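S.K.: Below are the chains, spelled out letter by letter.
2 protein chains.
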Amino acid sequence: MAEVVQFGHGRMPARPSLDNLMALVAADLSKVNRSILERMQSRVVLIPQLAGHLIAAGGKRIRPLLTLASARMCGYRGERHIQLAAAVEFIHTATLLHDDVVDESSLRRGNATANVLWGNKASVLVGDFLFTRAFQLMVEDGSLGVLHILANASAVITEGEVLQLQTANDTATTEDAYLEVISAKTAALFAAACRVGAVVASRPKAEETALDSYGRNLGIAFQLVDDALDYSARQAELGKTVGDDFREGKITLPVLLAYRRGDADERAFWRRCLQRMRQEPDDLNQATRLLARHHAIADTLERARYYGAMARDALAIFPEHACKSALDEVIDFCVARAH
Amino acid sequence: MAEVVQFGHGRMPARPSLDNLMALVAADLSKVNRSILERMQSRVVLIPQLAGHLIAAGGKRIRPLLTLASARMCGYRGERHIQLAAAVEFIHTATLLHDDVVDESSLRRGNATANVLWGNKASVLVGDFLFTRAFQLMVEDGSLGVLHILANASAVITEGEVLQLQTANDTATTEDAYLEVISAKTAALFAAACRVGAVVASRPKAEETALDSYGRNLGIAFQLVDDALDYSARQAELGKTVGDDFREGKITLPVLLAYRRGDADERAFWRRCLQRMRQEPDDLNQATRLLARHHAIADTLERARYYGAMARDALAIFPEHACKSALDEVIDFCVARAH
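Protein chains in written order, with the working numbering: chain A, 250 to 588; chain B, 250 to 588.
The set of hints was computed from the structure by calculation and includes no laboratory data.
Just so we're clear, the structure is a prediction, and the values are computed from it rather than from any experiment.
Among the hints, erroneous ones may be present.
As the list claims (entries may be wrong) - The list that follows gives simulated cross-link-like pairs (lysine-lysine, DSS-like), each with its CA atoms no further than 27 Å apart: (1) B:Lys573 x B:Lys309; (2) B:Lys370 x B:Lys499; (3) B:Lys499 x B:Lys309; (4) A:Lys280 x A:Lys309; (5) A:Lys573 x A:Lys280; (6) B:Lys370 x A:Lys499; (7) A:Lys370 x B:Lys370; (8) B:Lys280 x B:Lys499; (9) A:Lys370 x B:Lys573.
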């Protein structure tokens, strides 16, 4: 993204980042981190060990950041958003633990995955624990409105995960079905994380739905870029193994586009690799060549920009605010990390 | 149990059963079953397929029955307990799906387990879905008091599952540690299922805690008997494979007792089989002989009767009621199924 955006505090970074957002909610974020560390404790030592491995590896904390900034943009001055942001991160962490078991992944955020270090069983059960801990945090908050949003989002996420499993290895998956999966498994939590900000601030329904829409479209853009990066990022930047999706036979948008645009031989190649899972050493390179030939990565990123634009428009109803500019920059950050 | 108990409606069954309880809440139970079938639906067909396999196999529905009878005994006349009983059964079903993955079990309720039929991945994700569905049902109910009880119980259950994994294959496990595991993984949900009955009926705290105590002690007795049955039941009756716990290296009370009471050779046997997991064809028979020599099964059942007696005493504060007699009989049923 080459466009120059004017940020709240006057800096013009060469490259969009989460820095402005993190600076704005730095005090809140360190409280969230403290809450996460406190509430993942248990006298069952395997729980903080395993959860801490993933949490300390430090993802971007993008979902809790969205909750914090949304609440502040809505004028919220209390502390409830801290614990709810921690709950959102716990839900996310639980799904990561289970995803890595389901995908048989070995690398996450640049480290060996918990399932590799402690085994699948521990990852499944500690994931369950974090899920239930998230619900405890939400119940402690005591707002049925918030509980509704996050319980529904959790059900949609898990439904999306099953749908993804059900359509795995199926090259006949349509782009619609793919969008349905990522809307559920990724975008639903982004949407809920943002919406909660308007709820704690007791803002009108229109602002709730605007933040929901911002989060949902941002989440779709985020996942589209993630799926593109899986074929194109340098490993050190991505923090996961390039080609994971290919090796797991995941049917993501880049593959869907290349499959549809390819000739009979190319389709046979994709079916052999991703449907029958017969892969040979040079196949990932061949896949990358086919993706390039059909502009599949470029077009996936183009679609990501389209959802990013919808996220941006959703923010329009909010008045000027440093957090609004920062949330706007998050969109560029999510899309730009692919370049 | 040879004692003759006078039941509410005058029958004196030769053998304690759940029949009286089921007859008393038959109308409620069929509503619970309808609610379960309705709420396990999803446009993602794998979800009702897999969940339906386990749910249709029809466990005893003992946990939702406890919620129904507790509520009615407390004089509740509404319908909230229906949906909450369904939520309780969903939590239980979710833990069963994950347990079978973790234990690598192949038989449950007389049928092949979901992990055998659909694979571990599907069992993990559909378990997650049922967990989140349970929370949705609880949130729809709209009582923060109920949410508190069931969210806390869920966290305790998952913590107990991790504790069990952490102490697996450790013959040095103490009886206290074993009791801690079964209190968490089994008794916490029994306690919550009963307690919720008093909450929906808006009964005083003393009745809440009495039902909590009844459920908790009943749950411990239930699990003790389960662990005894694993070495002694006929397969057709148990609906699971005899010796599962032995093959998985689970350290249950029968084993703890036999290990402590055994000589050096016998301890070496248990360590080889359950700690180093080196098992040979005749080992299960040898284990059964050692359990008999040290009265380990009989003493496990003796302890179950002790917890059963505490459960019975906890009910004492409630006035005469057909549901009270039925809940009393549940204790005998849980203990008697071992004979």
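S.K.: Next, verify each hint and record whether it holds.
M.R.: Structure-based check of all given hints:
no.	hint	verdict
1	B:Lys573 x B:Lys309	holds, 19 Å
2	B:Lys370 x B:Lys499	holds, 23 Å
3	B:Lys499 x B:Lys309	holds, 24 Å
4	A:Lys280 x A:Lys309	holds, 16 Å
5	A:Lys573 x A:Lys280	holds, 21 Å
6	B:Lys370 x A:Lys499	holds, 14 Å
7	A:Lys370 x B:Lys370	holds, 12 Å
8	B:Lys280 x B:Lys499	violated, 37 Å
9	A:Lys370 x B:Lys573	violated, 40 Å
In this structure, the hints that do not hold are numbers 8 and 9, in rising order.
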